[in-house]
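Sequence order for the protein chains is A and B. Its first residue numbered 1, the first sequence is counted upward by one per residue in the numbering used here. Its first residue numbered 1, the second sequence is counted upward by one per residue in the numbering used here.
Among the hints, erroneous ones may be present.
[What the hints assert, rightly or not] Taking CB as the label site, the calculated pair distances span: (1) B:205 x A:6: 40 to 48 angstroms; (2) A:132 x B:178: 58 to 66 angstroms; (3) A:63 x B:276: 55 to 63 angstroms; (4) A:131 x B:5: 20 to 28 angstroms; (5) B:181 x A:110: 31 to 39 angstroms; (6) B:205 x A:134: 12 to 20 angstroms; (7) A:120 x B:274: 39 to 47 angstroms; (8) B:4 x A:87: 36 to 44 angstroms; (9) B:275 x A:119: 44 to 52 angstroms; (10) B:4 x A:185: 14 to 22 angstroms; (11) A:134 x B:23: 14 to 22 angstroms; (12) B:181 x A:87: 34 to 42 angstroms; (13) B:11 x A:132: 21 to 29 angstroms.
In case anyone wonders, no lab produced these hints; they're calculated from the structure. All residues carry an ideal CB built from backbone N, CA and C; glycine is no exception.
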Amino acid sequence: MIRFDHVFKQYPNGREALHDVSFEVKAGEFVFLTGRSGAGKSSVLKLLTLIERPTRGTVTVNGQETSDLPARAIPAYRRRLGIVFQDHQLLMDRPVYDNVALPLVVSDTRFRDIDKRVRAALDQVGLTGKERVSPAELSIGEQQRIGIARAVVARPTVLIADEPTGNLDHGLAREVMNLFRRFQDVGVTVLIATHDMALVREFAQREILIDEGRVFSATPPAPGSGVAA
Amino acid sequence: MISPGTYFSRHAQALLSAFGRLIRQPLGTVLTIFVIAIALALPSTLWLLVKNARIAAGDVTDSIELSVFFKTDVPLAKAEQLAEAARQRPGVEEATLISADEALEEFRQYSGFGAALDALQGNPLPHVITLRPDVAYANPQGVESLKRYLSAWPEVETVQFDGEWVRRLTAILDLLRNVFAVFAIVLGVGVLAVVGNAIRLEIRARRSEIEVTKLVGGTNAFVRRPFLYEGVIFGLLGGAAAVGIVSLAVASLIEPVGRLASLYGGRYALVGIEPLEALVLISGGTLLGVLGAWLGAARLIARIEARG
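Chain A extracted, bound-state conformation:
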């Protein structure tokens, strides 16, 4: 579950990115975070991934209040999240396998478990057989799927994606969204920041609209949506 309670975020240059933002995403829910560029979507994701801390207010993820989490606890916290980036953030000098295995390697998972889980994750995103290929040799859509496989390989409870379809054509974007839906189906909480309104309408999930750092429309989770937290 994700909960923002009266969150303010002001950057050192004085720009206020979020102003009194409150919303909730229930466990197992699939939610779009929408708004135009610069509206504050990225700031929400940065607070969730602890790249930034709120100036005021509290952010709670899976029951854990993250605002004052000590720096040494951040790696363990991040291992419970799956993060997908618009620009993939892949290690281009490593094969697909190593990219996907990274979250497991940093969490000291046993080698045989890593192998099993990496192959399963690659299978889920349709990249079986590409283990030894360099990401640079793959298409943009395939690179995004590597990013998704990396995000889900450690079986996170929350999956956060920042404009995951930003560089993809509509067909590929739908494919990627369907992948996210499949993760939601197995109980993963999915929060996707996007400004692709056509896709949002097509997938008809709950939407939190942010503009100028304020939440303009956040319908509460429908009763029975998601799974019990």
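Start from chain A and add chain B according to the hints.
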């Protein structure tokens, strides 16, 4: 809780990764190792110089002697008794009594003034003890202490010791030892700086990889690990190369030093780097390597944060 197998596998992986990175940039790696080797070889060479000088000086100090001249009216029996007392004194390796008669005979034989000596009424020479200090006293302080002890005997006229050169030699060796210490410290700091700088450059080049690793939950320790192994490799190979350089330098000097010693009628074999010293040099290099890597990596890696 991480299992020992996984723990060692992770370290082996970090080590292999560090090797891989260094092999991928051979010129930079070789140059860094070469600079470390030179920085370690310089104080090591000075150390060997001091060591060899001490050994050579040790040979010379073996011949340090004090001459104890008795007053001319001291009877031979008393001189013999005092020579025996001198032998019992701690710090005395050997004490030989030369009686006045023996001294005169010797002087007659070697001086060429035999006829002139015959003209003398009696023997003007005193009994003399020639005394050689043991190893512990074969130094300026030891000799001075013996000299004070012997001079205090009422039967003794004077105690002679030409010890100025021993003082100078010891002072030079002490100075060299201090120069070695200064060199070792300065060049040790140099090794830290070289390794630290190489690691910092490497970290800056891999900034985005570090950001991604942290974003998926990698700790600072995890990110730091391969860089520390790079430091270990730099230091280890730099130390080994330093041993090679010093050994080559010694090997090239053995023959000329032997030739020089033979010109002075002596035999001297230059002492090279011993296995234990080589081990200390390689271990020291490794320690400096890992310390330099730590200094270069720790704060920089902690400061790198994912940008998202």
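These are the hints, each one checked on the structure:
1. B:205 x A:6: 40 to 48 angstroms: Between residue 205 of chain B and residue 6 of chain A, where Cβ atoms are some 42 angstroms apart, the hint holds.
2. A:132 x B:178: 58 to 66 angstroms: 59 angstroms, holds
3. A:63 x B:276: 55 to 63 angstroms: 59 angstroms, holds
4. A:131 x B:5: 20 to 28 angstroms: Between residue 131 of chain A and residue 5 of chain B, where Cβ atoms are some 23 angstroms apart, the hint holds.
5. B:181 x A:110: 31 to 39 angstroms: The hinted range 31 to 39 angstroms is violated for residue 181 of chain B and residue 110 of chain A, with Cβ atoms some 49 angstroms apart.
6. B:205 x A:134: 12 to 20 angstroms: With Cβ atoms ~18 angstroms apart, the hint holds.
7. A:120 x B:274: 39 to 47 angstroms: Cβ of residue 120 of chain A to Cβ of residue 274 of chain B: about 58 angstroms, so the range 39 to 47 angstroms is violated.
8. B:4 x A:87: 36 to 44 angstroms: About 39 angstroms separates the Cβ atoms of residue 4 of chain B and residue 87 of chain A, which means 36 to 44 angstroms holds.
9. B:275 x A:119: 44 to 52 angstroms: 50 angstroms, holds
10. B:4 x A:185: 14 to 22 angstroms: 38 angstroms, violated
11. A:134 x B:23: 14 to 22 angstroms: Taking Cβ atoms as reference, residue 134 of chain A and residue 23 of chain B lie about 18 angstroms apart, which means the hint holds.
12. B:181 x A:87: 34 to 42 angstroms: 54 angstroms, violated
13. B:11 x A:132: 21 to 29 angstroms: Holds - the Cβ-Cβ distance for residue 11 of chain B and residue 132 of chain A, about 24 angstroms, lies within 21 to 29 angstroms.
This entry does not satisfy hints 5, 7, 10 and 12, going by the numbered hints stated previously.
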